[in-house]
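A.B. asks: Now for the letters of each chain:
There are 2 protein chains.
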Amino acid sequence: MASLTFTPEMLAAARELVGPHVHHTPVMHSRLLDQLAGAPLFFKCENFQRGGSYKLRGATHALLRLQEQAPVPAVVTHSSGNFAQALSVAAQAVGIPAHIVMPENAPAVKKAAVHTYGGRITECAPTLEAREDAAARISEETGAVFIHPSNDPMVMLGQGTACAELLEEVPDLECVVAPVGGGGLLGGTALACTFTDNACEPIGAEPLRVDDAYRSLQSGRIESNSRTDTVADGLRTVLGSHTFPVLKQYVNTIIRVEEAEIITAMRLVWERMKIVIEPSSAVALAAVLKDPGYIGGRKTGIIVSGGNVDLGKLPF
Amino acid sequence: MASLTFTPEMLAAARELVGPHVHHTPVMHSRLLDQLAGAPLFFKCENFQRGGSYKLRGATHALLRLQEQAPVPAVVTHSSGNFAQALSVAAQAVGIPAHIVMPENAPAVKKAAVHTYGGRITECAPTLEAREDAAARISEETGAVFIHPSNDPMVMLGQGTACAELLEEVPDLECVVAPVGGGGLLGGTALACTFTDNACEPIGAEPLRVDDAYRSLQSGRIESNSRTDTVADGLRTVLGSHTFPVLKQYVNTIIRVEEAEIITAMRLVWERMKIVIEPSSAVALAAVLKDPGYIGGRKTGIIVSGGNVDLGKLPF
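First to last, the sequence lines map onto chains A and B. The first sequence begins at 148 in this note's numbering and counts up one residue at a time. The second sequence begins at 148 in this note's numbering and counts up one residue at a time.
Take these hints with a grain of salt, some might be off.
Unchecked claim - When the alpha-carbon atoms are kept at most 30 Å apart in a straight line, the in silico DSS-like pairs for lysine-lysine are as follows:
#	chain 1	residue 1	chain 2	residue 2
1	B	Lys460	B	Lys437
2	A	Lys460	B	Lys446
3	B	Lys258	A	Lys460
4	B	Lys258	B	Lys460
5	B	Lys446	B	Lys395
6	B	Lys437	B	Lys395
7	A	Lys460	A	Lys258
8	A	Lys437	A	Lys460
9	B	Lys395	A	Lys258
10	A	Lys258	B	Lys258
11	A	Lys437	B	Lys258
12	B	Lys460	A	Lys437
13	A	Lys446	A	Lys395
14	A	Lys460	A	Lys395
15	A	Lys460	B	Lys395
Said to hold, decoys possible - Computed far set for chain B versus chain A, every beta-carbon distance over 10 Å:
#	residue
16	Phe189
17	Asn194
18	Gln216
19	Ala255
20	Thr274
21	Glu279
22	Glu315
23	Glu321
24	Ser371
To be verified - Footprint (simulated), chain A over chain B, 3 or more residues, beta carbon under 8 Å:
#	region
25	156-164
26	405-418
27	421-433
FYI, nobody ran anything at the bench for these hints, they're computed from the structure. Here the structure is a predicted model, which means the values were calculated and not measured. Virtual Cβ for every residue (Gly too), placed ideally from N, Cα, C.
Here chain A stands alone, though its shape is the one from the complex (with noise of 0.2 Å):
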């Protein structure tokens, strides 16, 4: 499959139709976090996006784009994160009815949010091979169209909005650092950050544990886990085919941190900025608390992805 080419103007299309739909989050920072990095720090806050998290965004541009082709009777997909809560959320602003394909053990916190929103839940094993084949089977018999979590270009796209925001916000970031799982955030980021009029780095954070992305761009190709157990549970997933090309052209850097780091980073932003973030959004500030000399001083913005953790259930 040849990959789409992405201009500004469709970054500018999707801010447009999206802008009606979603929180414009704000940005923060914290005098104590700029001494700890040696780098002013801004971060975009989607943990108060609708939803809990910037997965909204991208389901909602995705979702809005279907239906410019034609009427949708319903969307499916298979997630037991924040991109369930968020296609719930998104479908029930539009008036559809959301299918989620979520593996029978996923935490009762979750399928509880995804409720919450209205969304549909039909359980499976807990493999992808089930995954998939129970969204396919709901596509189907109800007509239902699939929207991948992230490997969808105008979810990408969408999700790259929050970046465009920032960078809106305050215009002379140097560098941006954002969380890769899926590669959606990242690779909407990158394009942000490349279609902004000032030089501004887009810079991917991941765990060590689950370092895909990093070992995908070393090697050429989309490299897979062989552990998934980081504490950053947004990020265990791996890159598709159209994320990584993305990713491949436009971002040279990721960095990688251990677990203790993004527990550290979690906790920190907690007591000083006393804002809820999720693990996975913890890693991006781990990466720049890591590597004080990459960021060098320079302007950095901060995609705090989102805010839905299980405060029955914190690391520290």
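Fit chain B to the supplied structure of chain A, relying on the hints for placement.
C.D. replies: Then chain B, alone, in the frame of chain A:
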């Protein structure tokens, strides 16, 4: 001592004086919490204030007023809570020492926070008498001026600037709920509500276990508490000679809440609004959720007093 007559001009002057020294904190809202409360809620987020609580406002105001009268070589207070940090921040900003008397059994995390902001800690036995003695001795030895954490007209006026900002941003609020411990915040909030052009009712929120303010308004004299074992550790103190008259004059209603209601409200805010608030702040939301009949759908402000919690000792 005749109590001071407060005027709108005094509150306006307090805002002008502290403005350059404190954060103008954001006002947040949440659709889901609106639904639960059956009323539109506007949260004034003093958890984002410097030092982590609204206390900076009163500390700064009292200190700057003192400096208008004569040079202040140093300040001293006794507090194991947010006022200790606040006075340290305020004194550091004007370049004088802050002496903080703390009971020797105060949590290490609180001592560390005071150190962060340059406060000088003197430990004493954990009794009120020992605290007052230690503060008096420091005052004598160093010339430090004593500032009480709540029972001081200038502290109370400073605390009122939070509600004044809120009412400027959301002028048609019909009531504002603030937690009550020593009465500085509720007193200042009541003044701000009284001095606004629209009718706006100040409402106190208090843990049932330390309901001295509720009982004081009933009996007409300052009552004490027979127990202090509430999770809302900032509200264990009682009213004072300066705060009680203001509450008696301007506050008609104090809603009392159970410990479990405080913890539920705190968890709701963390989970749904993605912000870190301390138990004492959750008391205000707990009061709104406890008595929707009393709120009656009115447009309601909530003063989120602070976000200083020990993440290692969460109540959930």
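A.B. asks: Hints first: check each against the structure and report whether it holds.
C.D. replies: Quick rundown of the hints versus the structure:
Distance hint between Lys460 of chain B and Lys437 of chain B is fulfilled; the C-alpha atoms sit about 25 Å from each other, no more than 30 Å. For the hint pairing Lys460 of chain A with Lys446 of chain B, the CA-to-CA distance comes to about 35 Å; that exceeds 30 Å, so the pair is violated. Proximity of Lys258 of chain B to Lys460 of chain A is assessed by CA-CA distance (about 27 Å); at most 30 Å being required, the pair is judged to hold. Restraint check for Lys258 of chain B and Lys460 of chain B: satisfied, since their Cα atoms lie roughly 16 Å apart, inside the 30 Å limit.
For the suggested pair Lys446 of chain B and Lys395 of chain B, the alpha carbons sit about 24 Å apart, so the restraint of at most 30 Å is met. Between Lys437 of chain B and Lys395 of chain B, the direct Cα distance comes to roughly 23 Å. Compliance with the 30 Å bound is thereby established for this hinted pair. The suggested pairing of Lys460 of chain A with Lys258 of chain A holds, with an alpha-carbon distance near 16 Å, which does not exceed 30 Å. For the suggested pair Lys437 of chain A and Lys460 of chain A, the alpha carbons sit about 25 Å apart, so the restraint of at most 30 Å is met.
Restraint check for Lys395 of chain B and Lys258 of chain A: the C-alpha separation of about 49 Å exceeds 30 Å, so the hint is violated. Our distance criterion of 30 Å between C-alpha atoms is broken by Lys258 of chain A and Lys258 of chain B, whose separation comes to about 41 Å. The straight-line distance between the Cα atoms of Lys437 of chain A and Lys258 of chain B is roughly 27 Å, inside the 30 Å bound, and the hint therefore holds. Pair hint Lys460 of chain B plus Lys437 of chain A holds up; C-alpha atoms about 27 Å apart against a cutoff of 30 Å.
A hinted pair counts as satisfied when its Cα atoms are at most 30 Å apart, and Lys446 of chain A with Lys395 of chain A qualifies at roughly 24 Å. Annotation: proposed proximity of Lys460 of chain A to Lys395 of chain A is violated, straight-line Cα distance about 36 Å (limit 30 Å). Proposed proximity of Lys460 of chain A and Lys395 of chain B is contradicted: the alpha carbons are some 44 Å apart, above 30 Å. The Cβ of Phe189 of chain B lies farther than 10 Å from every Cβ of chain A, with a closest approach of about 15 Å, so its non-interface assignment holds.
Its closest Cβ contact with chain A, about 5 Å, brings Asn194 of chain B to no more than 10 Å, contrary to its assignment away from the interface. Every CB of chain A lies more than 10 Å from the CB of Gln216 of chain B, the least distance being 31 Å, so the non-interface label holds. The Cβ of Ala255 of chain B sits about 14 Å from the closest Cβ of chain A, beyond the 10 Å cut-off, so the non-interface label holds. Every beta carbon of chain A lies more than 10 Å from that of Thr274 of chain B, the smallest distance being close to 30 Å; the non-interface claim holds.
Listed as a non-interface residue, Glu279 of chain B keeps its Cβ farther than 10 Å from every Cβ of chain A; the least gap is roughly 31 Å. At roughly 19 Å from the closest C-beta of chain A, the C-beta of Glu315 of chain B stays outside 10 Å, upholding its exclusion from the interface. Every CB of chain A lies more than 10 Å from the CB of Glu321 of chain B, the least distance being 26 Å, so the non-interface label holds. Here Ser371 of chain B stays apart from chain A, with its beta-carbon at least about 32 Å from theirs, past the 10 Å limit.
For the region 156-164 of chain B, the proposed coverage by chain A is not satisfied: 0 residues have a C-beta within less than 8 Å of a C-beta in that chain, short of the threshold of three. Residue count for the region 405-418 of chain B with a Cβ under 8 Å from a Cβ of chain A: 3. That meets the three needed, and the coverage hint holds. Three residues within the 8 Å Cβ limit are the bar, and the region 421-433 of chain B against chain A gives 4, so the coverage statement holds.
Hints 2, 9, 10, 14, 15, 17 and 25 from the list above are not met by this structure, while the remaining hints are.
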